[in-house]
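Please put together the full structure from these sequences, using the hints given.
Protein chains in written order, with the numbering used here: chain S, 37 to 312; chain E, 35 to 225.
Under the rule of at most 20 Å between Cα atoms (straight-line distance), these lysine to aspartate or glutamate pairs were calculated in the EDC-like manner:
1) E:K77 <-> S:E52
2) E:K114 <-> E:D183
3) E:K77 <-> S:E55
4) E:K206 <-> S:E40
5) E:K77 <-> S:D59
6) S:K152 <-> S:D255
7) S:K291 <-> S:D255
8) E:K197 <-> S:E40
9) S:K76 <-> E:E45
10) E:K167 <-> S:E40
11) S:K169 <-> S:E156
12) S:K240 <-> S:D299
13) S:K76 <-> E:E86
14) E:K48 <-> S:E75
15) S:K62 <-> E:E81
16) E:K48 <-> S:E70
17) E:K206 <-> S:D45
18) E:K167 <-> E:E187
19) E:K118 <-> E:D190
20) S:K62 <-> E:D82
21) S:K62 <-> E:E86
22) S:K76 <-> E:D51
23) S:K200 <-> S:D172
24) S:K62 <-> E:D60
25) S:K62 <-> E:D51
26) E:K48 <-> S:E66
27) S:K76 <-> E:E49
28) E:K197 <-> E:E209
29) S:K62 <-> E:E79
30) S:K62 <-> E:E65
31) S:K198 <-> S:D172
Chain S stretches covered by chain E per the calculated footprint, using a threshold of three residues with CB under 8 Å from any CB of chain E:
32) 38-49
33) 55-63
If you are wondering where the hints come from, they were derived from the structure by calculation, not from laboratory data.
Here a beta-carbon is modelled for each residue, glycine too, at the ideal position from N, C-alpha and C.
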Amino acid sequence: MSIEQQLRDKLQDCAEAMENPSDMQKRIQEASYERYRNEKNNETSKSNLNIRMVACVLAVVLLAPIIIYTGPTVAAQIRTLLNLSGTEDARNFVTKDADSDYVITNLYADEISGNKTAQEVLARIYSGFPETKNFDIANAQITKGIRAGEKIHIFNIILMEKGKTFAEPHQEIVVNADVDTGQIHFVQTIGLEPYAAHAAKLQKSEAIAIANAFLKQLDVPIDGYEAEMTGAHGDEAQGIGQPIVTYKRAEDGKKLFQVNLQDGGMSVAFSPSEKS
Amino acid sequence: MKDINIEHWIERMKEGDSSAFQVIYDWSFPEIYRSVVFLMTEKNEIEDVMNEIYFQLWRSIGNYDANRPFRFWMHGIVLKQIQKWRTKSWRRFRIFEKKRLLEREEHLFSDRRILEAETHQEMLTMVHQLSYKLRAVIILRYYHEYTFDEIAELLDIPVGTVKSRHHAALGKLRELSPYLESAKEQELYVH
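See below:
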């Protein structure tokens, strides 16, 4: 008998002679399944968090004109809204009420690469914040339909530092843009320069300088606009202690966009008449 | 390992049917366990590695390509996790500790409860005296009956390397074993 055949026979005999460790089998089954279920639940929670975040960002965008007048920062709105229970973890989800009927669709990677607006938005993000080229797309969605009586078709994307989760400190950028026109409605950054570590302590000139730098990185022209700060050292009731820099057109004083400075992050919301 | 309609149970598992986990687990456990016992020399670590294998198996099962044999895919996970454990283990121990561990490898499986017969114990001890690289080729070739091409894919190494390891392993086994008959050189390359 050849050595090969002997090996086959003996290994087979040896395997069959092994006792099946029933205790270990039970322990491993329970442990591995429980670990898997936990991870699955965490993923679902994270996914739901993403969906809620984008949905909330959308809500904030729609509320942007209101926010400009009522004061609280966009980030504060997002964080507050995140605490609300949200939508389902699904490819599409539909919202219908008296004056709204819209669908939010989670995008696949190939849909992002094949979408002109998505590519324009990504190019703009990468140009302004080159470090984001290494980020992962944590979430991308398109929302289409009628909301609050207004026709919308919006692309939302969240880029997040590679290997991080929403639950831990991380760098992130969120952008909302009109799918049809490519105009940006809203941008929020977390942990990306420029930002202030202690926004509430900023002097007016410092806050405006940081807001200007942020807009410059986003390639938003600010010539012909007057910057005005509220919040930390302005109207406390409006800014919950953190500075808001509003940009008004010099010629008629119309508010066109608003930069919110938070600790470790920035955001800008464009008024409906002046999407970037 | 009896054949079952694994695709059916995988589909049910993806739908959240916990009984499907049970079926897949009971079906696969004996073979995975035996493979790990053959491939690993540290008995005390087997449970941890088995845990990791099954965790990875559950989380990856959605990506399993039904056009390929499930056993092949499953063995890929087994080998990857053992390799991962070996890498971790190497980092964990300083060189002299590793050396000490290797020196006592052959005694770790002296626990007779794991095997029913002394001859089987001898076979296992002999296989464990091969280095991991040689051992993996022997187990995949003669226990799992994979071809050299399949072994190369599983181990992610060139086929030529598989053949040379196979050749070296048989040579070593001949040295170690008084009862394995020598074979002709041309018999070493069985395809």
